[in-house]
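A.B. asks: Here are the chains, one letter per residue:
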Amino acid sequence: MTSEALIDYVKGLLGDKTKWADPEAGDNFLTVASEDWKNICQTLATDKKCSLTYLRNFTGTDYPEDDEIELTAHTFSYSEKHGLIIKTRISREAAVCDTLSKIWPAAIWYEREIFDLLGVSFNNHPDLRRILMPEDWVGHPLRKDYKQQETYRGIPTTRPA
Amino acid sequence: MTTVIRELGDEQRELVLNMGPHHPSTHGVLRFVLHTDGEVMRKAVPEIGYLHRGLEKIAESTTYPGYVPYTDRVNYLEAMFANEAFSKAIESLSDIEVPERAQYLRAIAGELNRIASHNITIGCITMDLGAITPFVHLLRERETINDLIEALCGQRVTHHYVRIGGVAYDADDNWLKQVEKFLNHFEAIIEELDNLIVYNEILVKRMADVAVITADDAVGFGLVGPNLRASGVDWDLRRDMPYGIYPKLDFDVPIGAGEKGTVGDCFDRFVVRVRELKQSCRIIRQCINNIPDGDIIGNVSRKIKPPKGEVYSCVEGARGELGVYVVSDGTEKPYRVKWRSGSFSAMSIIEHISEGLMIADLVAVIATLDVIAPETDR
Numbered sequence: 001m002t003s004e005a006l007i008d009y010v011k012g013l014l015g016d017k018t019k020w021a022d023p024e025a026g027d028n029f030l031t032v033a034s035e036d037w038k039n040i041c042q043t044l045a046t047d048k049k050c051s052l053t054y055l056r057n058f059t060g061t062d063y064p065e066d067d068e069i070e071l072t073a074h075t076f077s078y079s080e081k082h083g084l085i086i087k088t089r090i091s092r093e094a095a096v097c098d099t100l101s102k103i104w105p106a107a108i109w110y111e112r113e114i115f116d117l118l119g120v121s122f123n124n125h126p127d128l129r130r131i132l133m134p135e136d137w138v139g140h141p142l143r144k145d146y147k148q149q150e151t152y153r154g155i156p157t158t159r160p161a
Numbered sequence: 001m002t003t004v005i006r007e008l009g010d011e012q013r014e015l016v017l018n019m020g021p022h023h024p025s026t027h028g029v030l031r032f033v034l035h036t037d038g039e040v041m042r043k044a045v046p047e048i049g050y051l052h053r054g055l056e057k058i059a060e061s062t063t064y065p066g067y068v069p070y071t072d073r074v075n076y077l078e079a080m081f082a083n084e085a086f087s088k089a090i091e092s093l094s095d096i097e098v099p100e101r102a103q104y105l106r107a108i109a110g111e112l113n114r115i116a117s118h119n120i121t122i123g124c125i126t127m128d129l130g131a132i133t134p135f136v137h138l139l140r141e142r143e144t145i146n147d148l149i150e151a152l153c154g155q156r157v158t159h160h161y162v163r164i165g166g167v168a169y170d171a172d173d174n175w176l177k178q179v180e181k182f183l184n185h186f187e188a189i190i191e192e193l194d195n196l197i198v199y200n201e202i203l204v205k206r207m208a209d210v211a212v213i214t215a216d217d218a219v220g221f222g223l224v225g226p227n228l229r230a231s232g233v234d235w236d237l238r239r240d241m242p243y244g245i246y247p248k249l250d251f252d253v254p255i256g257a258g259e260k261g262t263v264g265d266c267f268d269r270f271v272v273r274v275r276e277l278k279q280s281c282r283i284i285r286q287c288i289n290n291i292p293d294g295d296i297i298g299n300v301s302r303k304i305k306p307p308k309g310e311v312y313s314c315v316e317g318a319r320g321e322l323g324v325y326v327v328s329d330g331t332e333k334p335y336r337v338k339w340r341s342g343s344f345s346a347m348s349i350i351e352h353i354s355e356g357l358m359i360a361d362l363v364a365v366i367a368t369l370d371v372i373a374p375e376t377d378r
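Heads up: the sequence lines are chains F and G, in that order. Reading the first sequence from the start, the letters are residues 1 to 161 in our numbering. Reading the second sequence from the start, the letters are residues 1 to 378 in our numbering.
With the rest of the complex left out, here is chain G (with noise of 0.2 Å):
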């Protein structure tokens, strides 16, 4: 589609412009077609689609233990919840208990690649309005992470480091120091986080106030995670539908509270992200301080058949509730897999919230909600 004018009527007109699907601040190949009225739009309007790749199809003609590596590749940058999304649904249909040690395990992993992922959008975000430099330090913390993931399972991005029934590897303790080493590090980072840029005058003016999202519409577009706590919805599936070790654990879930303008606004979905990283630093402490010695996997034949029936799961991922929906025909195959995204919600509601905006705004609008191409396209 090129550039067009498109009359309205009553001496009325409107510019009609392509942004993406090559865009570098689309974060992905994702296209927005602009309703402009000069520098103010009518409404934005997303395309997806151009990463699909079918992940749900190719569940049909795969076993369970075999769509594992596939639940990779539905978010690059939050591998570990999707695989243990997918693990947790397959225990709970075929009744398989997951032993404590890799419980810890799963949750060390999940928090390091939760750091990992709001590292990318944090600087991501302040990289879209202009900053880069906060960027490059967050890659590098994210750097060290990756060879963590990676000293831990020998992949630095697709993990297929949560397996059903437990995880891949064992953790040693030399493995548990290096972690313990790297948060008295990061948490340092996180104050200079604060000090740097967070409450940078120009930062601040370009997010608040910006595309507020009220509680109600954030609900009713089943916006998730993050993006719905900005939007002062106090829920957080770790504390409130808990599941794992979660239970056990002790940490603080922040919301949105319209610190600099109204609640809901950027500048919200942005700070509750930074104001996560810590929570996660204080769950890794507490499970690295507590866990405990045993099996990493359960008693898992190799080949699985759950039972007759259908299952949803959800685990609170980077960019909120990650759920697969799975039906079981009783054969080694699942019978329909069904992937539920944070972005794929967060995508749906940019034409909504978008009339009225300027074009520099939807830049922002498109980083706080942190969406991830290939999470909505699948």
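Here chain F stands alone, though its shape is the one from the complex (with noise of 0.2 Å):
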């Protein structure tokens, strides 16, 4: 399909359970809530017609201002040859979704990475740990108001002056 058929077929499949943007530059996305994420995108994962199979990129950024993270799956279909970017947005407090790994095994190790650099819990996770950092390393630091510790296991972290 193209984008747009794409578009509109999503638009009839979901109704108003979803929130489109009009960029004026790059990509356009899908936004649904965060309740229906899991649901949403194993309905478009398995649905005949969108067969989105390929969770191409998943990652998470953090919005401050809003006070809240959004998260941003890139998927993909080889069959159909479309793609479709889904985001949902959380609180950065709670920061809690649920996994997507039954729907994609790709989640389980960017589900890994978005936990260990965002600080997002993931429910029902199969093996939620860090994944990038050490396990003992304090924060997170894709956030906005990451702080760098001083040392780490007695080693400083960053260059005497």
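Calculated directly from the structure, the hints in this document are not laboratory data. A virtual CB, placed ideally from N, CA and C, is assigned to each residue, including glycine. Among the hints, erroneous ones may be present.
[Unchecked claim] List of simulated lysine to any residue pairs, SDA-like, C-alpha gap at most 25 Å:
| hint | chain 1 | residue 1 | chain 2 | residue 2 |
| --- | --- | --- | --- | --- |
| 1 | G | K57 | F | E70 |
| 2 | G | K43 | F | F115 |
| 3 | F | K19 | F | T2 |
| 4 | G | K248 | G | I288 |
| 5 | G | K305 | F | E65 |
| 6 | F | K81 | G | G220 |
| 7 | F | K102 | G | E47 |
| 8 | F | K87 | G | P307 |
| 9 | G | K333 | F | D27 |
| 10 | G | K333 | F | G139 |
| 11 | F | K48 | F | R92 |
| 12 | F | K49 | F | F115 |
| 13 | F | K144 | G | I288 |
| 14 | F | K38 | G | K333 |
| 15 | F | K102 | G | E351 |
| 16 | G | K248 | F | T2 |
| 17 | F | K17 | G | G309 |
| 18 | G | K57 | F | T158 |
| 19 | G | K57 | F | Q148 |
| 20 | G | K278 | G | N290 |
[Unchecked claim] Per label pair, the in silico range of CB-to-CB distance:
| hint | chain 1 | residue 1 | chain 2 | residue 2 | range |
| --- | --- | --- | --- | --- | --- |
| 21 | G | G294 | F | W20 | 52 to 62 Å |
| 22 | G | E39 | F | S91 | 27 to 37 Å |
| 23 | G | D147 | F | V96 | 52 to 62 Å |
With the hints as a guide, bring both chains together as one complex.
C.D. replies: As structure tokens, then:
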């Protein structure tokens, strides 16, 4: 499907549960409520006409002024040659969301990375632990208000001036 | 973590072994925790992050043109592609036109980089399985490519050649002749490779039917590039979502056929890479024959401020789709940059496919999945 046709089809499929951005530049995307996150992803991945079976990229972005973290999933279908960007927003304090790892196994590691770098927990994730940073590291580096700890196990993390 | 024997109850025990972080076959600093029963593994759990350099965090405090040299460091074997993916993202956000000559030069430099990277991979696969000689031969060929790229842009590994809006330096006719001379020499080497190692019986036995990845698993875990194609999924970004000059070029996409065993086994992943060498040579020849005169960089201002918005841009690198997700808030610095790399997804499937493999087979799996530690850790 062309991207316009896909957008029309998904609008028909999901009805009023979707919100579309119409940005001046860059990619168009669809935002859904975090309660619907898992179900909508499941629908889009398994629906015959969408068949978005490939989770191309999954990541988060911190927006402290909105007090929210945005999760962005880039999905794609090899058979239909179309892709869709799905987003949801969760609060920064609670920062919990349902896991997508049952739908796309690739999400197991992507969610570990989001947990590690942005401090978002995923319900029912099979193996939620830090992936890039050491297990005993303090804080989540990709949060905009992150302050790096001064020492790690007695080793200074910055060079002396 | 030290080696321990874990009691599982019912007189069942398993030996938990550490492989790495420093191990000759792990291609960089990474660690596997092996749960073994004799020589057979119950599972192998990869532990990554030893080479995490915070490339995504660094982007928040760097300007757009200033970040391009950092992209060289995403993967030291395919710097051209990381440069290109990031430049392409900014070009599409800010509507920058890339001159045609620059697109040809990107394709030539990229395919040379792909050959160099595949040389290392093919050489490492054979070396990890016990044959040192092919590695030395292939490393010699890669040296010539490094020399060529050094003549083009002054750098052998971290090229910083592809810039936002075009490329950094023009190539003269003499350089193009040198590339052609190298191709004449290298195409004979590809034939030699077939005779020397590809169908070597010991190598085939070590790889055929080992660690089969089905097409569904490959797509589900997000494998890309040669790993995906080895599982029988006919997909190449250069052909199916063409960018740059690729729509004008004619080339084939080799896919896994189960030549010596099952589709998606280690041998398929190995042989797909060998076949890609020839296609890259074809692409470079076409580019050299058709390259037009003209500018090498578009109209790009010194300060780049893309409009508010976000973009996901990807290119077909040596390890498949190398993507970058860039969020712009309208300032000089990116709000968020995220790298999507082939090695990261390849690493994530290892725990899933490792059950029942021999420890020695894990070496074949890591080598044929072409996992590069800096690319997983970023």
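A.B. asks: Now, for every hint given, state plainly whether the structure supports it.
C.D. replies: Outcome of the hint check:
no.: 1; hint: G/K57 / F/E70; in the structure: holds, 17 Å
no.: 2; hint: G/K43 / F/F115; in the structure: holds, 24 Å
no.: 3; hint: F/K19 / F/T2; in the structure: holds, 19 Å
no.: 4; hint: G/K248 / G/I288; in the structure: holds, 13 Å
no.: 5; hint: G/K305 / F/E65; in the structure: holds, 21 Å
no.: 6; hint: F/K81 / G/G220; in the structure: holds, 16 Å
no.: 7; hint: F/K102 / G/E47; in the structure: holds, 22 Å
no.: 8; hint: F/K87 / G/P307; in the structure: holds, 20 Å
no.: 9; hint: G/K333 / F/D27; in the structure: holds, 19 Å
no.: 10; hint: G/K333 / F/G139; in the structure: holds, 23 Å
no.: 11; hint: F/K48 / F/R92; in the structure: violated, 35 Å
no.: 12; hint: F/K49 / F/F115; in the structure: violated, 32 Å
no.: 13; hint: F/K144 / G/I288; in the structure: violated, 47 Å
no.: 14; hint: F/K38 / G/K333; in the structure: violated, 33 Å
no.: 15; hint: F/K102 / G/E351; in the structure: holds, 16 Å
no.: 16; hint: G/K248 / F/T2; in the structure: holds, 22 Å
no.: 17; hint: F/K17 / G/G309; in the structure: holds, 23 Å
no.: 18; hint: G/K57 / F/T158; in the structure: holds, 15 Å
no.: 19; hint: G/K57 / F/Q148; in the structure: holds, 11 Å
no.: 20; hint: G/K278 / G/N290; in the structure: holds, 19 Å
no.: 21; hint: G/G294 / F/W20: 52 to 62 Å; in the structure: violated, 39 Å
no.: 22; hint: G/E39 / F/S91: 27 to 37 Å; in the structure: violated, 50 Å
no.: 23; hint: G/D147 / F/V96: 52 to 62 Å; in the structure: holds, 54 Å
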